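Protein chains in written order, with my numbering: chain A, 1 to 381; chain B, 382 to 762.
Check the hints yourself; a few may be wrong.
Computed footprint of chain A on chain B; a stretch qualifies when at least three of its residues, placed anywhere within it, have a C-beta under 8 Å from a C-beta of chain A [to be verified]:
1. 434-443
2. 578-590
Pairwise CB distance ranges (calculated) [unchecked claim]:
3. B:737 with A:333: 47 to 57 Å
4. A:381 with B:399: 15 to 25 Å
5. A:69 with B:702: 27 to 37 Å
6. B:702 with A:321: 50 to 60 Å
7. B:429 with A:184: 37 to 47 Å
8. A:50 with B:691: 52 to 62 Å
9. A:197 with B:476: 29 to 39 Å
10. A:289 with B:476: 31 to 41 Å
11. A:298 with B:631: 58 to 68 Å
12. B:742 with A:381: 37 to 47 Å
13. B:431 with A:94: 24 to 34 Å
14. B:476 with A:333: 40 to 50 Å
15. A:99 with B:738: 48 to 58 Å
From chain A, some residues computed to sit far from chain B (all C-beta separations above 10 Å) [stated by the list, open to error]:
16. 70
17. 85
18. 86
19. 87
20. 88
21. 96
22. 139
23. 143
24. 149
25. 231
26. 233
27. 284
28. 320
29. 352
30. 360
Since the hints were made in silico from the structure, they are not lab data. These numbers were taken from a predicted model, which means no experiment stands behind them. Ideal Cβ placement from N, Cα and C applies to all residues, glycine included.
2 protein chains.
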Amino acid sequence: MDGTPGLGEVSLGEVSAPGRVAGPDEGISTAELALATRNHGLPLEALAHDTSPPGLHYVLVHYDIPATDPDVWRLDLDGHVDHPLSLDLAALRARPAVTHRVTLECAGNGRARLTPRPVSQPWLAEAVGTADWTGVPLAALLAEAGPRAGAVEAVFTGADHGVERGVEQDYRRSLPLGQAADPDRGVLVAYAMNGAPLPPQHGHPLRLVVPGWYGMASVKWLRSVTVTDTPFTGFQQAVAYRYRGVTEDPDDPGEPVTLIAPRALMIPPGFPDFMTRARVVRPGPVPLAGRAWSGHGPVVRVELSADGEQSWTDAEVTADPDRPWAWAAWRAGWTATPGTYLLSVRATDATGRTQPLTAPWNRGGFGNNLVQRVEVHCLAE
Amino acid sequence: MDGTPGLGEVSLGEVSAPGRVAGPDEGISTAELALATRNHGLPLEALAHDTSPPGLHYVLVHYDIPATDPDVWRLDLDGHVDHPLSLDLAALRARPAVTHRVTLECAGNGRARLTPRPVSQPWLAEAVGTADWTGVPLAALLAEAGPRAGAVEAVFTGADHGVERGVEQDYRRSLPLGQAADPDRGVLVAYAMNGAPLPPQHGHPLRLVVPGWYGMASVKWLRSVTVTDTPFTGFQQAVAYRYRGVTEDPDDPGEPVTLIAPRALMIPPGFPDFMTRARVVRPGPVPLAGRAWSGHGPVVRVELSADGEQSWTDAEVTADPDRPWAWAAWRAGWTATPGTYLLSVRATDATGRTQPLTAPWNRGGFGNNLVQRVEVHCLAE
Numbered sequence: 001m002d003g004t005p006g007l008g009e010v011s012l013g014e015v016s017a018p019g020r021v022a023g024p025d026e027g028i029s030t031a032e033l034a035l036a037t038r039n040h041g042l043p044l045e046a047l048a049h050d051t052s053p054p055g056l057h058y059v060l061v062h063y064d065i066p067a068t069d070p071d072v073w074r075l076d077l078d079g080h081v082d083h084p085l086s087l088d089l090a091a092l093r094a095r096p097a098v099t100h101r102v103t104l105e106c107a108g109n110g111r112a113r114l115t116p117r118p119v120s121q122p123w124l125a126e127a128v129g130t131a132d133w134t135g136v137p138l139a140a141l142l143a144e145a146g147p148r149a150g151a152v153e154a155v156f157t158g159a160d161h162g163v164e165r166g167v168e169q170d171y172r173r174s175l176p177l178g179q180a181a182d183p184d185r186g187v188l189v190a191y192a193m194n195g196a197p198l199p200p201q202h203g204h205p206l207r208l209v210v211p212g213w214y215g216m217a218s219v220k221w222l223r224s225v226t227v228t229d230t231p232f233t234g235f236q237q238a239v240a241y242r243y244r245g246v247t248e249d250p251d252d253p254g255e256p257v258t259l260i261a262p263r264a265l266m267i268p269p270g271f272p273d274f275m276t277r278a279r280v281v282r283p284g285p286v287p288l289a290g291r292a293w294s295g296h297g298p299v300v301r302v303e304l305s306a307d308g309e310q311s312w313t314d315a316e317v318t319a320d321p322d323r324p325w326a327w328a329a330w331r332a333g334w335t336a337t338p339g340t341y342l343l344s345v346r347a348t349d350a351t352g353r354t355q356p357l358t359a360p361w362n363r364g365g366f367g368n369n370l371v372q373r374v375e376v377h378c379l380a381e
Numbered sequence: 382m383d384g385t386p387g388l389g390e391v392s393l394g395e396v397s398a399p400g401r402v403a404g405p406d407e408g409i410s411t412a413e414l415a416l417a418t419r420n421h422g423l424p425l426e427a428l429a430h431d432t433s434p435p436g437l438h439y440v441l442v443h444y445d446i447p448a449t450d451p452d453v454w455r456l457d458l459d460g461h462v463d464h465p466l467s468l469d470l471a472a473l474r475a476r477p478a479v480t481h482r483v484t485l486e487c488a489g490n491g492r493a494r495l496t497p498r499p500v501s502q503p504w505l506a507e508a509v510g511t512a513d514w515t516g517v518p519l520a521a522l523l524a525e526a527g528p529r530a531g532a533v534e535a536v537f538t539g540a541d542h543g544v545e546r547g548v549e550q551d552y553r554r555s556l557p558l559g560q561a562a563d564p565d566r567g568v569l570v571a572y573a574m575n576g577a578p579l580p581p582q583h584g585h586p587l588r589l590v591v592p593g594w595y596g597m598a599s600v601k602w603l604r605s606v607t608v609t610d611t612p613f614t615g616f617q618q619a620v621a622y623r624y625r626g627v628t629e630d631p632d633d634p635g636e637p638v639t640l641i642a643p644r645a646l647m648i649p650p651g652f653p654d655f656m657t658r659a660r661v662v663r664p665g666p667v668p669l670a671g672r673a674w675s676g677h678g679p680v681v682r683v684e685l686s687a688d689g690e691q692s693w694t695d696a697e698v699t700a701d702p703d704r705p706w707a708w709a710a711w712r713a714g715w716t717a718t719p720g721t722y723l724l725s726v727r728a729t730d731a732t733g734r735t736q737p738l739t740a741p742w743n744r745g746g747f748g749n750n751l752v753q754r755v756e757v758h759c760l761a762e
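Could you build all of it, start to finish, from the sequences and the hints given here?
Okay, structure coming up:
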């Protein structure tokens, strides 16, 4: 097959543009839509499940889902360590396994609600999921490898490859060694999700799971863990995933995106209109329920408002103390009478962090944990 | 919790608006985005899998995924029959089971490429998937129930409930009895996908699978099959899923949407830019591969163009004659030299149907099988 190039030579910089924010009246672009049709959120009625099955748990893939072969897959643990490891899946499965129930959320959740809208994966509020992840504690593997004096970080490399804002890369992130090697942080090298091998889109055959952190830390298709004696300055650490543009300084390096801010979501009550997802109920008692989580500490309070956030009422919150990294369940009663309502819900965690009533803007559109507002119409009968 | 209604009494007509097309410069709206973040397509690199795992197989849910309990689920087969049936899952599983590999595609696939854009689920090209579906042939169940003389259709009712363009409904569709009861059409009442119980989003615990037809016919969360002696005129049959607006007649009832039009898709070569999904390759041989399918007959030809559709080259097509309802695989070679290309691919089936170079418009945005065009940049080195 012959090909006729449409242009002359191209460079990565021409193919892959800098980040930008949408114009004042700019709807979601085809590029944003292409991301939204590949990646997907949790349909909010699936908050009813304690754990989220594949296809309901949110997925965000930076590049392509790589083709991987579990029979030849190896995890290399090397760098600033005394005893480098190179383990196949059988060697990992032969080690003591643990299972943690962990709620993961995309750092960009809520981005499409910001004004101006940072142009990237356009999440509204649904980029969340909870699963039982089974694998080997990273702390145990690091102890086996023996970090040398002066080690400061562990750098995680995935097998997904692409270009982003002009930088060709394998997806790569780091954690401070103090977090990576802390048994209480519970970081896992996981090979199973909800009792089955990882699905392709969730990192098959091996991924990192970092409880409490936004999802960008939980590197999928994990190939290597490299212990370093200097902080990692790669693209996903130093350029992307920073809270920037909060100050006026154009050279602001920003603060790193780390732990998940508190959020509550409700199972939308009643039934939906297909096109708008507005909710319809009939007069009478309407049970309200959902989930709430925070990476900073346990959720201690969930509040609801049905009067445009003039008053708030406490919901009943049920958390499992043995599963500190999983979302809590909440429920509340509401009696609907005919009319149109905006139901709002917000979570507060044990550190006192709560959800704002106006969205906190930053250039990358990270950590927008604005309260959820659900439009509900109660018919006359 | 008290509530203060924002408006007085509301009606379904106020909550649920008529269909519309987007304005000339109207980007994807928040309502369309809300659908795109819930439903999801097949990430195109997943065309590499013969069957699509949950989370990669496309999903379109009209209303909410219903909460279902397999322990009490019953399928009622009634209406214009001599021996009505009411079967639990154990009774269905006790009957002879068959497994069919079936490619399903949403009738709205390609809608977001139309101008003007019908406002609904905004698919680009990825609303497809292939699975091994296991269950009981519908023909066998219908034979057991014994349709009476004069029976013309089978009406299928799902458990998902909502409102659409002002009409409150359970999702409901029919098939002509000749198709429903034809063993060669292969319609299944399925309880397993790829060897596992149906996931919630694919119809757990029971769904219809109608080979060759667009996905709207394969009713999920199937509760009943009602044989009728008059044609079904419900919303999803007579109002939605019609090719309308092809003529100038505003009262045009349209033609029903039925069989899948031919389409080929390619696994995007090289690696992507995160934001635009444009592809990057380096000079040299670039293997191209993908899938092709048609509901009208076997795919007999797949052609590729790398020169803006001035010339086309045949790809090698491999179909499994024992799996007539599954996509065929195709592959071709291409040698990339520096420059920017639009790679195009099109399928032709045994009936001579092929894919158009300009999108065939209709008001609902159905059946747009425009050729796929993938932008590829070959770097100098």
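Just pull the numbers of the violated hints for me, sorted ascending. Of the numbered hints given earlier, the structure breaks none, since each of them holds.
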